[in-house]
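All chains should be modelled from the sequences, with the hints used to inform the complete structure.
2 protein chains.
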Amino acid sequence: MKRSERLVAMTNFFLEHPRELFSLPYFVNRYEAAKSSISEDIDIIDGMFQKMGIGELTTVSGAAGGVQYIPDLSKENANHCMEELIELLKDPARILPGGYVYMSDILGHPKHIREIGKVFAAAFHGLDIDYVVTVATKGIPLAYAVAQVLGVPVVIIRRDPKVTEGSTVSINYVSGSSRKIQTMVLAKRSIEEGSNVLIVDDFMKAGGTIKGMMNLMQEFNATVKGIGVLAEAEDEDEDRKVDDYISLLKFVEVDEVKQTIQVSKGNYFI
Amino acid sequence: MKRSERLVAMTNFFLEHPRELFSLPYFVNRYEAAKSSISEDIDIIDGMFQKMGIGELTTVSGAAGGVQYIPDLSKENANHCMEELIELLKDPARILPGGYVYMSDILGHPKHIREIGKVFAAAFHGLDIDYVVTVATKGIPLAYAVAQVLGVPVVIIRRDPKVTEGSTVSINYVSGSSRKIQTMVLAKRSIEEGSNVLIVDDFMKAGGTIKGMMNLMQEFNATVKGIGVLAEAEDEDEDRKVDDYISLLKFVEVDEVKQTIQVSKGNYFI
Chain A
1 MKRSERLVAM
11 TNFFLEHPRE
21 LFSLPYFVNR
31 YEAAKSSISE
41 DIDIIDGMFQ
51 KMGIGELTTV
61 SGAAGGVQYI
71 PDLSKENANH
81 CMEELIELLK
91 DPARILPGGY
101 VYMSDILGHP
111 KHIREIGKVF
121 AAAFHGLDID
131 YVVTVATKGI
141 PLAYAVAQVL
151 GVPVVIIRRD
161 PKVTEGSTVS
171 INYVSGSSRK
181 IQTMVLAKRS
191 IEEGSNVLIV
201 DDFMKAGGTI
211 KGMMNLMQEF
221 NATVKGIGVL
231 AEAEDEDEDR
241 KVDDYISLLK
251 FVEVDEVKQT
261 IQVSKGNYFI
Chain B
1 MKRSERLVAM
11 TNFFLEHPRE
21 LFSLPYFVNR
31 YEAAKSSISE
41 DIDIIDGMFQ
51 KMGIGELTTV
61 SGAAGGVQYI
71 PDLSKENANH
81 CMEELIELLK
91 DPARILPGGY
101 VYMSDILGHP
111 KHIREIGKVF
121 AAAFHGLDID
131 YVVTVATKGI
141 PLAYAVAQVL
151 GVPVVIIRRD
161 PKVTEGSTVS
171 INYVSGSSRK
181 IQTMVLAKRS
191 IEEGSNVLIV
201 DDFMKAGGTI
211 KGMMNLMQEF
221 NATVKGIGVL
231 AEAEDEDEDR
241 KVDDYISLLK
251 FVEVDEVKQT
261 IQVSKGNYFI
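First to last, the sequence lines map onto chains A and B. The first sequence begins at 1 in the UniProt record's numbering and counts up by one. The second sequence begins at 1 in the UniProt record's numbering and counts up by one.
Accuracy of the hints is not assured; some may be wrong.
For chains that are exact copies, the list does not tell them apart, and a pair is met inside one copy or across any two.
[Claimed, not checked] The list that follows gives simulated cross-link-like pairs (lysine-lysine, DSS-like), each with its CA atoms no further than 30 angstroms apart:
no. : residue 1 : residue 2
1   : K90       : K241
2   : K188      : K162
3   : K111      : K2
4   : K35       : K51
5   : K180      : K111
6   : K35       : K111
7   : K250      : K188
8   : K35       : K211
9   : K90       : K188
10  : K180      : K250
11  : K225      : K188
12  : K162      : K250
13  : K35       : K2
14  : K180      : K162
15  : K241      : K51
16  : K75       : K2
17  : K241      : K162
18  : K90       : K265
19  : K162      : K211
20  : K90       : K162
If you are wondering where the hints come from, they were derived from the structure by calculation, not from laboratory data. From a predicted model like this one, the values you see are computed outputs, not experimental measurements.
Given below as structure tokens:
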């Protein structure tokens with residue numbers, strides 16, 4: 001195989017296997033090339049990944065060592081991605097009765113979701129995460145997009161138990177904005193004891209749902225290492241139940257009468 | 001930029017933009033290279049993508065022409081992917097009371113999900129699809145994985161209306177296996193009239209849920225171009241409500257007493 005072909009194959013390989021460690025002999029064998037050639041290939045790919053702002057290839061030395069692709073997203077790329085979203089979200093046609101904002105189309109588009117996932121993954125880049133946790137339904141695509149970049153599984157909390165989940169742990173919690181008692185359910189076998197988790201959701205107002213997820217994680221002796229929400233809303237009552245979180249967007253004001261949406265970048269960019 | 005660097009950048013670019021058409025001048029401008037060099041790069045990448053069985057770069061000629069990456073997955077790769085899944089699914093520890101099989105961990109792992117998504121996308125490769133449609137909750141990750149490869153949005157049908165969706169269309173249907181009346185809800189603005197859709201779900205037994213989705217699509221004047229389920233179960237009553245579908249896996253027998261799971265490849269491989 002020529003170097004040019006190998007570069008195409010190896011670029012694809014690293015992109016497909018984020019945060020997985022592979023030894024140099026693995027590539028020597030896979031691409032039937034000399035160790036020195038593979039090393040040069042890795043330098044070229046690493047250089048370009050950094051130049052493009054999509055992460056880097058890092059080398060772990062020693063007997064169990066090798067090379068791995070650590071995805072990242074430059075703040076410049078992240079900024080650009082959020083500015084695009086803000087343009088889309090400003091559209092007054094998105095205003096729903098009650099002052100809610102229609103976002104399902106954005107959450108439904110793999111292109112946006114993948115970009116948002118990369119921004120989150122970059123934001124929680126240094127943490128040692130075992131699972132990305134979210135609650136059905138709207139947070140699911142986001143959670144997968146983040147998990148894909150971090151190379152870890154997703155765990156989905158449900159609102160109702162299902163027979164195909166086996167035995168479950170459930171908690172009741174008070175939804176912050178509606179002040180209703182709600183239930184969250186998670187299959188017992190879905191998380192190993194003592195894991196580190198990252199909580200991801202699409203939207204946060206008073207934070208009751210996020211707080212519920214945090215409580216449920218305690219039942220599994222899991223440590224919440226980070227919390228990320230795509231968008232937060234101004235909470236008039238200012239009795240927010242969660243302090244330490246990252247938001248990518250913030251709805252400053254949604255005015256049903258004037259038909260205007262004011263949306264800015266979230267606290268990650270401050 | 002050197003050819004070697006350009007190949008890394010362009011490989012990443014095509015993988016990130018499946019089924020999007022870009023003109024040669026776009027690349028000439030983006031990578032500051034001669035048209036002839038870009039053409040050669042495209043030939044190299046196309047050749048390697050085909051060799052790896054992950055699709056090809058196709059050229060559309062004419063004024064509005066250009067190059068696009070059409071992802072595919074060779075049957076060999078698809079077979080390999082399913083054999084890995086079958087090994088995982090055979091584990092008797094997955095048997096749940098009632099003869100159900102625990103699959104949430106597999107559906108939770110981005111690596112498996114992405115591979116399954118690629119197999120589906122290859123299976124429905126030639127169809128002209130506008131949306132991938134699924135129903136909450138378990139089909140969602142699969143739908144996104146397919147949609148990512150096809151480069152189209154996902155539309156999620158819910159079991160219950162939500163205020164953040166705006167006005168909705170709902171239907172009642174009879175679940176095939178439990179014979180209970182259930183509801184499906186979809187936001188009015190989620191699908192344009194006269195669209196072509198691909199229905200994706202994780203599991204099918206009698207097919208009542210899939211049939212319900214098909215009926216709901218009629219309400220939107222949408223044409224169901226294809227139906228894909230990850231796993232189907234033998235339906236004892238043989239009154240399956242859906243005929244024309246693709247399954248990747250088939251649960252032949254789940255024996256709670258003997259604690260055995262028999263699982264084979266689905267009808268896509270026959």
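Consistency of the hints with the structure:
1. K90 / K241: within (27 angstroms within a copy, 43 angstroms between copies)
2. K188 / K162: The answer is both: 12 angstroms in one copy and 28 angstroms across copies each meet 30 angstroms.
3. K111 / K2: Answer is between; shortest inter-copy Cα gap is 29 angstroms, intra-copy 32 angstroms.
4. K35 / K51: both (24 angstroms within a copy, 23 angstroms between copies)
5. K180 / K111: Cα proximity of K180 and K111: none, with 35 angstroms in one copy and 37 angstroms across.
6. K35 / K111: Between copies only: 28 angstroms across, 37 angstroms inside.
7. K250 / K188: Between copies only: 26 angstroms across chains, 34 angstroms inside a chain, cut-off 30 angstroms.
8. K35 / K211: neither (51 angstroms within a copy, 55 angstroms between copies)
9. K90 / K188: between (41 angstroms within a copy, 20 angstroms between copies)
10. K180 / K250: Result: close within a single copy only, 24 angstroms intra versus 42 angstroms inter.
11. K225 / K188: within (20 angstroms within a copy, 38 angstroms between copies)
12. K162 / K250: between (34 angstroms within a copy, 21 angstroms between copies)
13. K35 / K2: Close inside one copy (14 angstroms) and across copies (22 angstroms); limit 30 angstroms.
14. K180 / K162: both (22 angstroms within a copy, 15 angstroms between copies)
15. K241 / K51: Neither way: K241 and K51 sit 40 angstroms apart in one copy and 53 angstroms across, limit 30 angstroms.
16. K75 / K2: For K75 and K2, only the inter-copy Cα distance (26 angstroms) is at most 30 angstroms; the intra-copy one is 35 angstroms.
17. K241 / K162: Both, since 29 angstroms and 23 angstroms are each at most 30 angstroms.
18. K90 / K265: The answer is within: 12 angstroms in one copy meets 30 angstroms, while 47 angstroms across copies does not.
19. K162 / K211: Both, since 23 angstroms and 21 angstroms are each at most 30 angstroms.
20. K90 / K162: Intra 38 angstroms, inter 21 angstroms, cutoff 30 angstroms: inter-copy only.
Hint compliance for this structure: hints 5, 8, 15 are not met, and every other hint is.
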